[in-house]
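Participant: If you want the building blocks of each chain, they are given just below.
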Amino acid sequence: MELLLVEDDAVFGKAIQRGLLEAGHHCDWVRSGENGFDLARSHRFDVIVLDLMLPGMNGMTVLKALRDMGHRTPILVLTALGTVDERVAGLNAGADDYLVKPFAFPELIARLDAIGRRMQPRPSSVNSVGELELNLTNRRVSRQGKELDLTPTEFSLLEYLMRFAGQVVTRKMLCEHLWESNWDGATNIIEVHINRLRGKIDKGFDRPLIQTVRGRGYCLSGER
Amino acid sequence: MNTVWSVVIEFARRCWQWLFTLTHTLRFRLMLWNAVTLLLTALIALFGLKMGVQYFLLREVDQKLEQDLRETNLAFTEPFFDFDDPSFAPLFDQLNRKAMGRVSEQWYCRFLDGELPRWKSINTPVPLPNLSESGVKNYEAETIGSFRVMQFHKKNLVPPLIIQAGISLTSLQEELDDFNLLVLLSLGGLLLISPWIGYWLAGRTTKSVGAVIRTASQLNPEQLQQRLPERGSGDELDQLAKTVNELLDRIAHHMQVRRDFLANAAHELRTPLAAIRSSVEVALTGQRSAEEYQELLGAVIDESGALENLVNHILLLAETEFDAGHQHAERIDLSQLLHKAVDMFGAVAEVKTIDFQAELSDNIEVFGERQHLRQVVNNLLDNAIKFTPEAGRVTVRLNRHDAERQAILEVEDTGIGISEKDLPFVFDRFFRADNARSREAVHKGTGLGLSICRAVTEAHRGQIQVRSQLGSGTTFRVTLPLADEAP
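Going line by line, the protein sequences match chains A and B.
So for the first sequence, numbering that gives the first Met the number 0 puts the first residue at 0; every next one is plus one.
So for the second sequence, numbering that gives the first Met the number 0 puts the first residue at 0; every next one is plus one.
Next comes chain A alone, as it looks inside the complex (with noise of 0.2 Å):
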């Protein structure tokens, strides 16, 4: 994708973009609201990163003049303002995703692929992953043709990480799909999940599907 980051701090701005262009995107990063917004205008971009407090011209402005202008380039708002009230603020104002600092870089893109996604057709009701195949319809699974029994939490799950396959999903976003509740504690709730997943779709087979990605999240894979 073609994506433009709007983000006034160096080094995380500079992470940002190097995690970016590692995920495979091609991404300008300006430092200030108003380069951002001049380069907005005159380039076509798919997503627009755009964090909120920027010198000069802020990020709500920025938002705002675009959006006024019927601009209607998909736009991810980024802030350390995490408040109920920021966040209606700027989806009012026209932003299509808001993602509150610090975040887990995963989340980042997956959130930004979704909105790319948004913009094409809707995925077919079966989906597979390998050997793995889930049917939205029904709400069946099987692997190697051999139908698994999963409960509907774990159907849900398992779900989720077909939709993003082989990308990292965060345990904040599970737990914010799953039970629409962001759990914080020190009760690793979603490996447990994850773990009784992986005793149905992974157990009594060769190869693992499920990987755990050390301090950023899982990840469903059928490549080896």
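Check before you lean on any hint, since a few could be wrong.
[Stated by the list, open to error] Simulated pairs of lysine-lysine, DSS-like, Cα-Cα distance not exceeding 27 Å:
(1) A:K202 / B:K351
(2) B:K339 / A:K171
(3) B:K119 / B:K63
(4) A:K171 / B:K49
(5) B:K339 / B:K351
(6) B:K351 / A:K199
(7) B:K119 / B:K136
(8) A:K13 / A:K63
(9) B:K339 / A:K199
(10) B:K241 / B:K206
(11) B:K49 / B:K63
If you are wondering where the hints come from, they were derived from the structure by calculation, not from laboratory data.
On a predicted model such as this, the values are computed, not experimentally measured, just so you know.
We have chain A already, so just place chain B on it with the hints.
Facilitator: Below, chain B without anything else, positioned relative to chain A:
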């Protein structure tokens, strides 16, 4: 010339300012009241006194006149009156002598036949005061002109005579004038003195208000140990001082809690920061293998997570405290919220072989902030599972109390319990029960979980209570007001 004017104007402005400040004080207003009251009282008293004096002086005059008339009346021994009859000479002499003797009073006496003067004593003033127009009433004094006059109608005499006696009121008026002057002087004196007395009295009354102001002006958030003097007199100002002191106690306590919280928060932030710093420092010194780098950076990510959690919890506490107005409150199906939480924690309980029971009534709705209430439920369930040993039991109940219109959530465990000593502090920020289990890594938390529960519950006008017995279990009970019936 201009400078002179500017000095004058400046002086006038200063005076006006001073007057303005002075007249807008409570003391000044009390002084005015006091002075006005004092003056009015004095005015009424002096006026009464003046009237009294006037009355008594006139009565004295009247008594004299009446006595004179009665004496004259008795002097008529004959049943007729004839000016030329020598037998009347002694009477005339006697009356003239009296007039001579009382010349200072301008005393006189005269006889009239109808309107016709028949005889008058010497020293009778000219012109004479007229006769009363309302006719002659015996022994009734009247003020005619500057004279006090009394008459007697001697009808059985031939011809019938009107005997009139009078005394000039000039000297009496002079005495009264002297008295009035005295009254005026006293009033003037009072007028001068009363503001000062009023000011002094007002000062006595407002003295404790001044003490309140002085003490209050010395207060600042760092110096809250100052207290207002309480005199124990029990009057309104004493009550005010007491109320202010109680308020100060509460503020001081609040500030102390704040300070402790800040210090604790900084301390708690240090631990993950130190871990991050040392991991990075180790990574930067010397060449390491890719696995070692992975290991060290993994530690950095883990500790960043801990740091993030702590910051999130602190922010959540702040948000709960400052957004008590519930700007984003909505109707929440607590039953559904709990079903999700039970699904979320059920797997964890299963792994620990804990018997996890959920007894949830349906359709229990409250009004509030979804994320905050979730946090309460999650924290309570997490704690219960965390502190319950394997093969223990955790029960979560959700019921409604219709009479009190409350939702009641209970989380009961058969865990390690909380000692009686620790129980009052479990909701305090960063409080962790000091026992071996809570120090185990698996129980590591931010230490803010239960204070968040309390803050959120109270922000929702609810209550949270805890019951516990060391070794046999703990029960947390949250009550929240039910949302009004759907319209």
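Participant: For every hint, state whether the structure bears it out.
Facilitator: For each hint, the structure was consulted:
Between K202 (chain A) and K351 (chain B) the CA atoms are separated by roughly 20 Å; this keeps the pair inside 27 Å, and the hint holds. Annotation: proposed proximity of K339 (chain B) to K171 (chain A) holds, straight-line Cα distance about 16 Å (limit 27 Å). Between K119 (chain B) and K63 (chain B) the CA atoms are separated by roughly 19 Å; this keeps the pair inside 27 Å, and the hint holds. Our distance criterion of 27 Å between C-alpha atoms is broken by K171 (chain A) and K49 (chain B), whose separation comes to about 97 Å.
Among the hinted pairs, K339 (chain B) with K351 (chain B) is consistent with the structure: their alpha-carbon atoms are about 19 Å apart, no more than 27 Å. Of the pairs offered as hints, the one joining K351 (chain B) and K199 (chain A) holds, with about 19 Å between alpha carbons and a cut-off of 27 Å not exceeded. As the CA atoms of K119 (chain B) and K136 (chain B) are separated by approximately 20 Å, the hinted pair is consistent with the 27 Å bound. Simply put, K13 (chain A) and K63 (chain A) have alpha-carbon atoms about 26 Å apart, close enough for the 27 Å limit, and the pair holds.
Between K339 (chain B) and K199 (chain A) the CA atoms are separated by roughly 22 Å; this keeps the pair inside 27 Å, and the hint holds. A threshold of 27 Å between alpha carbons decides the hint, and for K241 (chain B) with K206 (chain B) the separation of about 16 Å falls inside it, so the pair holds. Under the criterion of a C-alpha separation no larger than 27 Å, the hint pairing K49 (chain B) with K63 (chain B) is consistent with the structure, at around 22 Å.
The structure does not agree with numbered hint 4 stated previously, though it agrees with all others.
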